[in-house]
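All chains, full assembly: derive it from the sequences and hints.
Going line by line, the protein sequences match chains S and V. According to full-length UniProt numbering, the stretch in the first sequence is residues 1 to 146, in order. According to full-length UniProt numbering, the stretch in the second sequence is residues 1 to 142, in order.
Just so you know, the hints here were simulated from the structure itself, not pulled from any lab data. Check each hint, because a few of them may be wrong.
[What the hints assert, rightly or not] Only some residues are given here: those of chain V computed to face chain S with a beta carbon under 7 angstroms: (1) Leu27; (2) Arg29; (3) Asn34; (4) His38; (5) Ser97; (6) Met104; (7) Pro119.
[Claimed, not checked] Computed Cβ-Cβ distance ranges for the label pairs, DEER-style: (8) S:Gly111 to V:Gly87: 44 to 50 angstroms; (9) S:Lys73 to V:Glu109: 40 to 46 angstroms; (10) V:Pro72 to S:Arg67: 22 to 28 angstroms.
The structure presented is a predicted model; accordingly, all values stated were derived computationally and were not measured. Idealized CB from N, CA, C, for every residue including glycine.
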Amino acid sequence: MDRNRLQHQAASMRRSLFDQGYLDEPFIQLEELQDDASPNFVQEIVTLFYTDSARLIQNIEHALNSRPIDFDKLDDYMHRFKGSSSSIGAKKVMNECTVFREYCSAENAEGCFRSFQQVKQDHAILRRKLEVYLQMVRQAAVSQTT
Amino acid sequence: MVLGNDASSSSLSNKNLSVLVVDDDPLIRMLHDNYLKHFGLKPLVVENGKEAVDLFQLGTSFDLILMDKEMPIMNGVEATKALRDMGATSMIVGVTSRGSPSEMQAFMEAGLDFCFEKPLTFDMIDFILKELNVNDDDDTNN
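Laid out in structure tokens, this is it:
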């Protein structure tokens, strides 16, 4: 595909990620750190985020299914998840983590379950969109050198 | 020592600053490590407060310590108190995702110079480095 078209598609995808509220400012900082010395920095950070968050999701699921529910433990896990999400600019995920923690502090199990489903959904959607976007960026970069 | 207007972001003026990043989250460690490298720094990175205290006990000192609050083994509050009790004069900057005023106040009272809510931004690092260079300049003039 034509290089300019690829770049345009990648830019459009990126814009929609911000416009739809999936990403915000910290992601821009990640992009600014990517250079010739660290050409895959954004991909590396995103990969690390999804590896770490997959483990946290598993821990949260286990904690939610335990009886009685340990809301302090749940809050700790979600605090960590929220921290990671905010650090890469995963805005929707981070906001839903905040909602979850509010239910946690109220010891509202039903609210926690509902909110957690939303966290997982937003997390999965962002992952798919980032995979597509980063692939577009890679393709555009390769087409520049040919 | 005369500083230029953009000294805080100048790699040349920062290259002699020693920095320690203390965080149990590998994602945050990688992020902060790269943020600081962006400013020309070469940070050392450890996983919890005890490792930071151990380094100090071995005689290692740092101009700047970025200290997470919630960590296993020894958290940021405990580590900051321990470092100050041992006479550490480093600039210690707390970085926490627990941002309620009371929590940040408690962290500050442990001996921090500043406390920021995660995520760190380039502006925050710029501010910190300006403060470090200003302090350095004051020490030189005194």
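What hints, given by number in increasing order, does this structure fail?
Numbers 2, 6 and 9, in rising order.
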